[in-house]
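Given these sequences and hints, build the entire structure.
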Amino acid sequence: MDSTAVCGQSVGKRNRWSRFVDRPSGRSLLLAVDHGLTRGPLAGLESIHGMGAWIDHPSINGIIAHKGTMARLADARALGAAGLMLHVNGMPSFAEQSDTKETLTTIETALRLGCDAVSLQLNFRRDNAAHNLKMLGRVIDETAAWGLPVLGMIYDNDQTAPDQRLARMRHLVRIACELGLDAIKIEAPPSAEDMQPLLDGLVDDISIFFSGGPSGNLDQLLTVASRAVALGAAGMCVGRNVFQHPDKNNALRLLHNAVCGAGVTDFQQTRQA
Numbered sequence: 001m002d003s004t005a006v007c008g009q010s011v012g013k014r015n016r017w018s019r020f021v022d023r024p025s026g027r028s029l030l031l032a033v034d035h036g037l038t039r040g041p042l043a044g045l046e047s048i049h050g051m052g053a054w055i056d057h058p059s060i061n062g063i064i065a066h067k068g069t070m071a072r073l074a075d076a077r078a079l080g081a082a083g084l085m086l087h088v089n090g091m092p093s094f095a096e097q098s099d100t101k102e103t104l105t106t107i108e109t110a111l112r113l114g115c116d117a118v119s120l121q122l123n124f125r126r127d128n129a130a131h132n133l134k135m136l137g138r139v140i141d142e143t144a145a146w147g148l149p150v151l152g153m154i155y156d157n158d159q160t161a162p163d164q165r166l167a168r169m170r171h172l173v174r175i176a177c178e179l180g181l182d183a184i185k186i187e188a189p190p191s192a193e194d195m196q197p198l199l200d201g202l203v204d205d206i207s208i209f210f211s212g213g214p215s216g217n218l219d220q221l222l223t224v225a226s227r228a229v230a231l232g233a234a235g236m237c238v239g240r241n242v243f244q245h246p247d248k249n250n251a252l253r254l255l256h257n258a259v260c261g262a263g264v265t266d267f268q269q270t271r272q273a
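If you count by the numbering used here, then the sequence shown holds residues 1 to 273, one letter each, in order.
If you are wondering where the hints come from, they were derived from the structure by calculation, not from laboratory data. Careful, some of the hints might be misleading.
[As the list claims (entries may be wrong)] Okay, the calculated beta carbon distance ranges per label pair:
1) Leu133 x Gly52: 36 to 42 Å
2) Asp205 x Ala130: 37 to 43 Å
3) Asn157 x Pro197: 17 to 23 Å
4) Gly12 x Asp163: 39 to 45 Å
5) Glu193 x Asn157: 20 to 26 Å
Ideal Cβ placement from N, Cα and C applies to all residues, glycine included.
Quick look at the structure:
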């Protein structure tokens, strides 16, 4: 699936999604800075002013943020040419049901802020699946009227059967496709050997991004990024591995090269062989 393809194929939706795509490669490096609502002022996100020093980096194809952050960055003229994606739901980590996110804003707010798409996070457990599906269906229906693409951050938080995780993740990706999501962000599997079975067939129908995960080894993340796009993923959606990196500009440059540049060549040749 071409990463510029979106569900429904309306002209407005295609045009908006194209703002998140690196034109030469057709892939995307998305930056998520929505963490503050969930976890508070993390290192790297202590202030909007501090974010303004690097968030306009040309390697970023799209920025995902809550409405207050998006508005403040816009007021500070800190946003570059990246596409803008409003994150529409959330729940703080100290809440009793922190995995069950609630809708916190409207599609009209996304349009008023000049956003090109919206995102929402869905942490699936056995006891909140119905809530998540209803919220997902409602957001997709509301955005369809305006031609806004939707990205879903899909997480499997059911710890009862780890041996079934790959099958459950494929099921959750299929649910996202069935309900009309345009793109999803998922965690990379712990084993590199599980990446192709996870993606097989699914990348034909929906744009799949892998998350960067907790702050860690950038070299390891670059390997994940290169392998993912070589296997058909649309790109990477990163956060802490950029905004908590001591050299954010260099981290962004390396990640963009792994996703959109020559960094994918070795994996593509291996796959073709």
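Each hint, compared with the structure:
For the hinted restraint 36 to 42 Å between Leu133 and Gly52, the CB-CB distance of approximately 37 Å keeps it satisfied. A beta carbon spacing of about 24 Å between Asp205 and Ala130 contradicts the range 37 to 43 Å that was offered as a hint. One distance hint, 17 to 23 Å for the beta-carbon pair Asn157 and Pro197, holds here, with the actual separation near 21 Å. Between Gly12 and Asp163 the beta carbons are some 43 Å apart, a value that agrees with the proposed interval 39 to 45 Å.
Distance hint for Glu193 and Asn157: a CB-CB separation of about 23 Å, consistent with the stated range 20 to 26 Å.
Taken one by one, the earlier hints fail for this structure only at number 2.
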